[in-house]
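S.K.: Chains as they are written, first to last, in my numbering: chain X, 53 to 388; chain E, 53 to 388.
Think of the hints as simulated: they come from the structure by calculation, not from any bench.
Wrong hints could be hidden among the right ones.
Distance ranges between label pairs, derived from CB positions [claimed, not checked]:
1) E:Gly-312 / X:Glu-252: 26 to 34 Å
2) X:Thr-118 / E:Arg-307: 55 to 63 Å
3) X:Glu-252 / E:Glu-260: 50 to 58 Å
4) E:Lys-309 / X:Arg-261: 45 to 53 Å
Not close to chain E: a few residues of chain X, all C-beta gaps over 10 Å, as computed [as the list claims (entries may be wrong)]:
5) Tyr-85
6) Gly-86
7) Ser-98
8) Asn-114
9) Arg-166
10) Ala-184
11) Gly-188
12) Thr-207
13) Asp-220
14) Ser-320
15) Glu-323
16) Gly-336
17) Pro-338
18) Thr-352
19) Glu-369
Backbone N, C-alpha and C define an ideal beta-carbon position, used for all residues, glycine too.
2 protein chains.
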Amino acid sequence: MEEVKLSIFGFGNVGRATARVLLEKGEVFKKKYGLTFKVVSVSDRSATVWLPEGIDLREVLNVKETLGKLSSWTNDYEVYDFTPEEAVKEIEADIVVDVTNDKNAWAWHMEALRRGEAVVTSNKPPLAFHYAELMGEARKQGAPYLFEATVMAGTPIIGLLKETLLGDSIESIRAVLNGTTTYILTRMEEGASFDEALKEAQNLGIAERDPSGDILGIDAGYKATILHCLAFGPITFEEIEVKGIDGVSEEDVERAKRAGKTLRLVASVEEGAVSVEPTEVPRGDPLAVSSTQNATVIRTDLLGELVIRGAGAGLKETASGVVSDIIKAALELRGE
Amino acid sequence: MEEVKLSIFGFGNVGRATARVLLEKGEVFKKKYGLTFKVVSVSDRSATVWLPEGIDLREVLNVKETLGKLSSWTNDYEVYDFTPEEAVKEIEADIVVDVTNDKNAWAWHMEALRRGEAVVTSNKPPLAFHYAELMGEARKQGAPYLFEATVMAGTPIIGLLKETLLGDSIESIRAVLNGTTTYILTRMEEGASFDEALKEAQNLGIAERDPSGDILGIDAGYKATILHCLAFGPITFEEIEVKGIDGVSEEDVERAKRAGKTLRLVASVEEGAVSVEPTEVPRGDPLAVSSTQNATVIRTDLLGELVIRGAGAGLKETASGVVSDIIKAALELRGE
Chain X
53 MEEVKLSIFG FGNVGRATAR VLLEKGEVFK KKYGLTFKVV SVSDRSATVW LPEGIDLREV
113 LNVKETLGKL SSWTNDYEVY DFTPEEAVKE IEADIVVDVT NDKNAWAWHM EALRRGEAVV
173 TSNKPPLAFH YAELMGEARK QGAPYLFEAT VMAGTPIIGL LKETLLGDSI ESIRAVLNGT
233 TTYILTRMEE GASFDEALKE AQNLGIAERD PSGDILGIDA GYKATILHCL AFGPITFEEI
293 EVKGIDGVSE EDVERAKRAG KTLRLVASVE EGAVSVEPTE VPRGDPLAVS STQNATVIRT
353 DLLGELVIRG AGAGLKETAS GVVSDIIKAA LELRGE
Chain E
53 MEEVKLSIFG FGNVGRATAR VLLEKGEVFK KKYGLTFKVV SVSDRSATVW LPEGIDLREV
113 LNVKETLGKL SSWTNDYEVY DFTPEEAVKE IEADIVVDVT NDKNAWAWHM EALRRGEAVV
173 TSNKPPLAFH YAELMGEARK QGAPYLFEAT VMAGTPIIGL LKETLLGDSI ESIRAVLNGT
233 TTYILTRMEE GASFDEALKE AQNLGIAERD PSGDILGIDA GYKATILHCL AFGPITFEEI
293 EVKGIDGVSE EDVERAKRAG KTLRLVASVE EGAVSVEPTE VPRGDPLAVS STQNATVIRT
353 DLLGELVIRG AGAGLKETAS GVVSDIIKAA LELRGE
């Protein structure tokens with residue numbers, strides 16, 4: 053059995069959760085798919101650890117968690133000071149795994165594809181700004197370019213849109229794709245002010261220290277852009293309309309509540325038209341989700357309405373999407 | 053562009069809905085997938101119409117709808133009196149499409165696979181009794197054997213379980229998979245007796261004249277068996293526990309209602325254990341669906357809970373699954 057060589061970029065929470073799943077479920081994947089994965093490099097912001105014979109994942113997890121950064125590593129592993137692009141050029145891998153937040157990652161995704169390597173990513177901006185180029189290069193090279201974890205974590209909305217419903221024509225998609233805003237809006241309904249709710253979300257680790265990506269609707273906008281690309285063809289984030297929850301007042305929340313509704317940051321996707329904005333949703337509607345649950349309602353000509361609901365965030369939940377794509381890419385590379 | 057030859061078995065409601073989608077969306081599929089379908093034979097219980105150059109779907113739909121059976125056809129088409137097995141042996145096709153209710157269809161499915169032909173089916177018993185043999189033969193021949201429409205009509209639960217969640221281990225599945233029983237239980241909640249509710253369902257065309265397949269839980273049992281085969285490996289309908297809604301009294305329905313719950317015929321699937329039985333479901337639970345909606349809740353190690361909800365019956369809705377599989381089979385045969 054040939055080993056599948058992985059080069060992992062990004063070793064924050066999602067990167068480490070991915071490594072942990074590969075470590076803990078390695079035997080399962082070997083038995084179920086006949087696949088063995090060998091991680092040949094791991095990069096964080098500080099450095100790249102590279103060992104063509106395969107890195108001990110237990111060790112690299114331990115180093116990262118105790119020393120904080122890979123550049124502090126001082127044993128016999130080779131530690132390099134590559135840019136991601138240099139790393140892609142230097143390191144031979146079958147699958148490049150991007151679990152960074154690098155906004156400019158599309159350039160090194162392209163480089164990996166040009167080298168005929170598969171790319172698996174949970175990083176949204178490359179797709180939200182360069183979908184057409186990336187998919188074009190992937191097709192040209194016959195290299196898988198997979199991104200399940202970019203939308204709804206591992207909840208398989210991407211796989212569903214790409215690989216099922218082949219006979220249906222999609223008419224519209226409506227979705228709640230950002231859990232942080234759901235949390236804040238729910239706390240506001242319960243009486244908290246916007247600022248209090250935001251601070252709570254930050255204290256709980258639901259919102260980041262700089263929460264603007266969530267609050268301003270950018271995260272949901274990236275995801276809605278990706279859904280449009282899949283359902284209707286390429287569009288970029290610059291072409292869509294985004295309104296965040298920063299303008300939502302306590303009165304807005306109250307008014308919705310009095311009408312038996314609940315405010316959610318809703319993405320609407322139709323052919324050539326994508327918008328994200330705070331929207332009143334009837335209680336009992338599939339989009340009236342809570343906490344980090346996400347939901348997508350797909351309307352098609354034959355099926356009518358189809359709902360998929362599940363985790364939209366979380367470490368294991370995001371790793372689920374990344375690892376599913378790693379397996380899919382490996383099976384495709386093997387010719388299945 | 054090579055044409056893909058289809059041999060359609062069964063020309064009742066689902067067969068005709070499938071033909072209509074192929075007819076109406078032929079141009080869409082040609083443009084989107086580069087696929088052109090040519091129906092070389094159509095069989096109903098009375099006869100097989102066979103024309104290697106391709107049958108005019110408009111004409112065969114018209115004949116069936118005006119004359120009631122294909123054996124009445126008397127123009128220049130060739131009309132044969134084949135058994136399905138003979139038809140499979142005689143007629144050269146790329147994809148055999150089974151939209152019959154033939155309980156013994158697995159024998160001619162096997163014959164088609166042995167000939168290297170793909171099989172697309174909405175017919176449940178072959179899978180519920182012979183999954184292992186059918187998938188074994190399909191693998192051996194490298195021929196697609198696809199069955200999206202057997203569970204939840206075209207709602208892509210089969211595709212989801214087969215092609216996504218590759219990194220997750222499924223722990224359990226709970227589902228409401230039969231709309232007729234949901235209708236009857238809902239009407240009983242509203243005050244109707246079991247017999248009244250059943251008669252209404254029959255008058256509305258929701259229940260068949262012989263409703264035992266739905267009422268006794270056999271239909272849901274077939275579907276639950278198929279879900280187990282996908283999630284955990286082969287099992288047959290004989291090995292599962294099935295309790296229908298025939299024993300549900302008005303008191304049972306009332307008791308659930310008083311407890312803020314609702315009775316549904318719930319399928320539970322765990323490794324090696326499948327059961328179908330009337331179960332009290334909390335209102336607001338994903339399984340508290342209404343009318344012909346079906347819902348499935350999948351629990352996995354990484355993702356937690358995932359819900360998929362959509363049409364579980366209907367003509368266009370079932371044709372959606374059949375046509376999606378026809379396209380998938382054609383793409384696979386083309387090597388994609």
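S.K.: For each hint given before, does the structure comply? Return the numbers of the non-compliant ones in rising order.
M.R.: Violated: hints 5, 12, 13, 16, 17, 18 and 19.
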